[in-house]
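Please model the complete structure; the sequences and the hints are all you need to start from.
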Amino acid sequence: MITDPDALAALFTGTALAGLPVRTGPEGALVVDGVDPSVPGQLAAWRAARDLVPRTGRWPVLITDDHDRRPGADPEPPPADELAAFDEAARTTDPWADGSPWMHEPVGQFTDLVAGGVYGIDLDRLLSPPPDPAETFDQLERRSYAHVLADPGLTAHVCDTLRSLVRTDAWYRPGGVQVLLLPTGLPWLAARWVYLFDVHSERLAAVLFQWRERWGAELVAAWGTMLQFVVSRPPAPGEEAFALAGQIRSLATHLEMQQWELATVLPVGDAWFLHRRP
Numbered sequence: 001m002i003t004d005p006d007a008l009a010a011l012f013t014g015t016a017l018a019g020l021p022v023r024t025g026p027e028g029a030l031v032v033d034g035v036d037p038s039v040p041g042q043l044a045a046w047r048a049a050r051d052l053v054p055r056t057g058r059w060p061v062l063i064t065d066d067h068d069r070r071p072g073a074d075p076e077p078p079p080a081d082e083l084a085a086f087d088e089a090a091r092t093t094d095p096w097a098d099g100s101p102w103m104h105e106p107v108g109q110f111t112d113l114v115a116g117g118v119y120g121i122d123l124d125r126l127l128s129p130p131p132d133p134a135e136t137f138d139q140l141e142r143r144s145y146a147h148v149l150a151d152p153g154l155t156a157h158v159c160d161t162l163r164s165l166v167r168t169d170a171w172y173r174p175g176g177v178q179v180l181l182l183p184t185g186l187p188w189l190a191a192r193w194v195y196l197f198d199v200h201s202e203r204l205a206a207v208l209f210q211w212r213e214r215w216g217a218e219l220v221a222a223w224g225t226m227l228q229f230v231v232s233r234p235p236a237p238g239e240e241a242f243a244l245a246g247q248i249r250s251l252a253t254h255l256e257m258q259q260w261e262l263a264t265v266l267p268v269g270d271a272w273f274l275h276r277r278p
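Using UniProt numbering, the letters of the sequence shown map in sequence onto residues 1 to 278.
These are computed hints drawn from the structure, not numbers from a lab.
Virtual Cβ for every residue (Gly too), placed ideally from N, Cα, C.
Take the hints with a grain of salt, since some may be wrong.
Derived CB-CB ranges, DEER-like [stated by the list, open to error]:
(1) L154 - A10: 51 to 61 Å
(2) G216 - A18: 25 to 35 Å
(3) D51 - A146: 33 to 43 Å
(4) P40 - G216: 17 to 27 Å
(5) D112 - T3: 21 to 31 Å
(6) S164 - A85: 12 to 22 Å
(7) A44 - E88: 29 to 39 Å
(8) A10 - L113: 51 to 61 Å
Structure, rendered in structure tokens:
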């Protein structure tokens, strides 16, 4: 693993990170300052660092330019045995063990909210039988999703309407961006250095591990209340997509999509945006 900032800067010659200052960061990380905060700039910077992981030994994550300015942050990396234990927990923890109990409660007065969707694709009038307040959220979400999948024209309409939400179009642009180069090449260990609001670091690491193994989802940016991923193996339509949509919505509590909407569009997407805030 490269530890010298100058050596790392030299390695970036000819890439989107060429000429940018590299310095020591928190807990064994190195930091590249001055990244173009536009979404194309974010992607170019991250991909430049991602392509060099076999040579640097450092996984890159984009952060805001005030992320590492915590008073008293230890410049030394975590002990090897601590990281090994964190890695083991990421590989063995079930991040979905608590489930979403409310999904098994009656939908009640929220039938319009679920079947009506968020983006004007109203299934409330199309479902037969009509939505029943006694149905659970899970039952109505599943019935709505099955109705969409059974109609290729409706599936295409939902995908055309929502496709931008599973592309980089939906990504956030902060005022200032840095590349945090972690002292590890294992991407799920990023949860030791970055965070998502109100999510325990071991759970986040387990999510990152599972999603990378299953879907080729790689964490690009962590903005504190938001995460951004690129995805190389999106789910197939059906149960795969529906289950993944449920996982994403359980973590991204402020992602304004119903589960059936997200499940419909996930198979045609190559980027995810998760939002979870107070």
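Consistency of the hints with the structure:
Checking the proposed 51 to 61 Å range against L154 and A10 shows it holds: the Cβ atoms sit about 54 Å from each other. A beta carbon spacing of about 28 Å between G216 and A18 agrees with the range 25 to 35 Å that was offered as a hint. Distance hint for D51 and A146: a CB-CB separation of about 41 Å, consistent with the stated range 33 to 43 Å. Restraint check, P40 to G216: a C-beta distance of roughly 21 Å satisfies the suggested window 17 to 27 Å.
Here the CB-CB span from D112 to T3 is close to 57 Å, at odds with the stated 21 to 31 Å. Distance hint for S164 and A85: a CB-CB separation of about 40 Å, inconsistent with the stated range 12 to 22 Å. Checked against the hint of 29 to 39 Å, the C-beta distance between A44 and E88 comes to roughly 34 Å, which is consistent with it. The hinted range of 51 to 61 Å is satisfied by A10 and L113, whose Cβ atoms lie roughly 55 Å apart.
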